[in-house]
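Asks: Following the hints, position chain S against chain G.
2 protein chains.
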Amino acid sequence: MPDKLTPRSQDFNKWYNDLVVTSELADYAPVRGCMVVRPYGTALWENMQQALDKRFKATGHQNALFPSLIPMSFLEKEQHHVEGFSPELAVVTHGGGEKLEEPLVVRPTSETIIGYMMSQWIHSWRDLPVLLNQWCDVVRWELRTKLFIRTLNFYWQEGHTAHATSEEALEETMRMLDVYNDFAVSEAAVPVVPGRKSDSEKFAGAEASYSLEAMMGDKKALQTATSHFLGQNFAKAFDIKYLDKDNTLKHCWTTSWGLSTRFIGAVIMTHGDDKGLILPPRLAPIQVVMVPIYRNDAEHSKVMETCTRIKAMLQDDMRVKLDDRDELSPGFKFNDWELRGVPLRIEVGPKDVEKDQVVLARRDVPGKPGKSFVSQDDLANSVAEMLDTIQAEMYRRALKFRQDHTHEPRTYDEFKQVVEDSWAMAWWCGEKDCEAQIKEETKATTRNIPLEQPQGRGACIHCGKPAQAQAIFARAY
Amino acid sequence: MPDKLTPRSQDFNKWYNDLVVTSELADYAPVRGCMVVRPYGTALWENMQQALDKRFKATGHQNALFPSLIPMSFLEKEQHHVEGFSPELAVVTHGGGEKLEEPLVVRPTSETIIGYMMSQWIHSWRDLPVLLNQWCDVVRWELRTKLFIRTLNFYWQEGHTAHATSEEALEETMRMLDVYNDFAVSEAAVPVVPGRKSDSEKFAGAEASYSLEAMMGDKKALQTATSHFLGQNFAKAFDIKYLDKDNTLKHCWTTSWGLSTRFIGAVIMTHGDDKGLILPPRLAPIQVVMVPIYRNDAEHSKVMETCTRIKAMLQDDMRVKLDDRDELSPGFKFNDWELRGVPLRIEVGPKDVEKDQVVLARRDVPGKPGKSFVSQDDLANSVAEMLDTIQAEMYRRALKFRQDHTHEPRTYDEFKQVVEDSWAMAWWCGEKDCEAQIKEETKATTRNIPLEQPQGRGACIHCGKPAQAQAIFARAY
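For the record, the sequence lines run as chains G and S. The first sequence begins at 1 in our numbering and counts up one residue at a time. The second sequence begins at 1 in our numbering and counts up one residue at a time.
Think of the hints as simulated: they come from the structure by calculation, not from any bench. One should not assume that every hint holds.
Since the list gives no way to pick out one identical chain from another, each pair is judged satisfied if it fits inside one copy or across any two copies.
Unchecked claim - Think about it this way: if two alpha-carbon atoms lie no more than 27 Å apart in a straight line, the pair counts; the simulated DSSO-like pairs of lysine-lysine are:
hint, residue 1, residue 2
1, 321, 302
2, 245, 333
3, 321, 54
4, 371, 351
5, 57, 311
6, 241, 4
7, 99, 77
8, 146, 99
Excised from the complex, chain G in its bound form:
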């Protein structure tokens, strides 16, 4: 029997930390702050990878692989970049038994080494754009860690592109934010707000950073993907130049964008409930689990025969598992697969065999499981439809949850109350100082400045000066 999970409603933090481990998504590694992604978590990540990779390729990107060791001097070429990343570096000082002349860092991100290679590969306007993506792991020396959300080692993809003009680079930055948005919504059923980061929250070395922000079940915000317009900062630092049609040498304009295993954390904290994970059907490693129900050998063979036939019927179109463990009770199995968030359970008992039916039990319906009896005829279609319904309902519920907990305070007193336990959409002057004071006074930070803005103008919720735009303020992971 799996250990009893701390209910989400009782202690969200403990629920999350326990759930990641007991559902066997991940585990703590024997290196401080590092994680091991177990097979169940890896299968979930691989489904995410496939869904994203397809979108990257459809938008013209190609994958490439760059070394994980980067000369320290490379990071120092872009001033903001090195300032941002220095405190987080893991440094290799010895190789092959000898002290290195120049230390290498284990990559925290690859703008520098990819920038260097781009400078070798790009010569003419004909070589542009260069549209690359890399799937890899990175190391950042974080102090406070949490599985999937913030660990010393994590897995991600990092896109890196070079363009002839500022306009094209900006267009790419927004295109990839859109791609992430589509992935979050269509595949993960995670509603997100696309917007621009404030200057104090932007990527070290970027001209402008854009993010997707999602509301977790405890109403804190989680940044789930970012897309950066790097201007010519890295092109100048690494001399990425091209000969334009007018026969003059020009610096390129570059972008970078990333999404990591942190997104698994977003899926857990968006959808999970007291009983465990609820995984969106499109990403779930197991979409349908079949549990046979029987009391004796005669029933067992009858029920298993039906189960095997049904599994064969479904498995070409979906990821099905038949739980044929003989030593465990159906009740145990129900709990076990609910903990692991399998979206749909098929129960088959002797009566179902007789009636040519099965029981479908939805994981996502709050409270009692939404059970229904469905004919075995045309089951592949009924199950596929049910999975689509679950996917859509999960998104709708998560979106409603965010809407219900996002408010527009009219005074700073209201604002302070709102950010205690929800998101505030508030007018903001755009000043760093104002932002810092709000953070100190309320623990809420600007998450982003949503691309979609209301009509009209307002005054800064904190200082009263004319506001630039509305921003999301929230406590965040």
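Replies: Just chain S now, with coordinates in the frame of chain G:
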């Protein structure tokens, strides 16, 4: 125009080094001995990954992800392991701006950290076997490097499994050698000899290592995959124990097995010719390239219309590229795609449009390209058949090449001559000293002791003592 490639027949080494770079498979990174795998090479590697991953999953394995940083003390727990890997380690001594209490190594291989995690996860015989695989990159501080063949950083998969009995672990070791064999033959058209490594050539920490050895175009041997029976060495070092059915605690038996981007080197050096790469259809990133041929605008639009239609007809079933670059001549394009090893070229000119035909040009036929005229009707089938033929012929040619250059010398004088420029299958006493002397005198090492052995017995080719078995002796990468 791509730079003129050094012909293979003139200088094999230079041909290889130039080809890897000019075909844009890989490039030298700005860190000594490290490589960048460019999009074309990455696409090839991804096709290899898919073909292998499918086989791993079909044999019950699951992917997982372990940190790339491993405590130095972990390596020291298995004596032979640390002796073997110490000279090759990259060591992280600083993290987050501070000196670490214990240095971490960037993983050269993951037996240690996976062994540690297995000891946490395995409790009872019910938990066995544990069948894991990891796709990742590793770092080994090599001194003499060569793109794909031996670099400081490379990409691979490493399988790690734990079993209740020695028999099961041995069975797994051989199963995975078989899986690699099937991959090499069916997907890469690379003939390989499965066999056992001598004690001096085995993996540091293994009881027994098995390998696949392939003959390259210069008749040197390349080890293309390995599978290790680790006995209880790592289980004892990391305390991987299970409670058996008889209620006693027992150590597990473990295996590990790996195949890396080195295999790309094997594909290049097995099949390539003076004009460049020849990629096996099943792995080629582009299986069919279409080159339109025209002299004026009227011809251009007519030919492009046919090309676009044919591309649409083929692209569901195969990886097709239409080379519509307007500023380049057909001759340039022919050379370019021949350099990159695309297995089949479709040429479409105005006459072909009229006659409802296309020209198929095979990349693999030695000497003149094997051109044929094929009707546009049912083209998807003709092309698919042609690709199958190419795949089969490539394997047949490579196998014949190895057979033609493998000899069974009867005297040590003959042996010395044979290993100058081919493989020797020779009886060997099995003694380390004899092996070392042969190596010193001839530069030939034991590649492996083939699983398939001739009838009868013989005397060691070097010392004349009764031989244990025949071994392959060859100069090797």
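Asks: Evaluate each hint against the coordinates.
Replies: Against the structure, the hints:
1. 321 <-> 302: Cα proximity of residue 321 and residue 302: one copy only (18 Å, versus 53 Å across).
2. 245 <-> 333: For residue 245 and residue 333, the Cα distance is within 27 Å only across copies (23 Å; inside one copy 66 Å).
3. 321 <-> 54: Answer is both; intra-copy 26 Å and inter-copy 18 Å each pass.
4. 371 <-> 351: within (16 Å within a copy, 66 Å between copies)
5. 57 <-> 311: between (33 Å within a copy, 18 Å between copies)
6. 241 <-> 4: between (59 Å within a copy, 26 Å between copies)
7. 99 <-> 77: Answer is both: 23 Å inside a copy and 24 Å across each meet the 27 Å cutoff.
8. 146 <-> 99: between (34 Å within a copy, 23 Å between copies)
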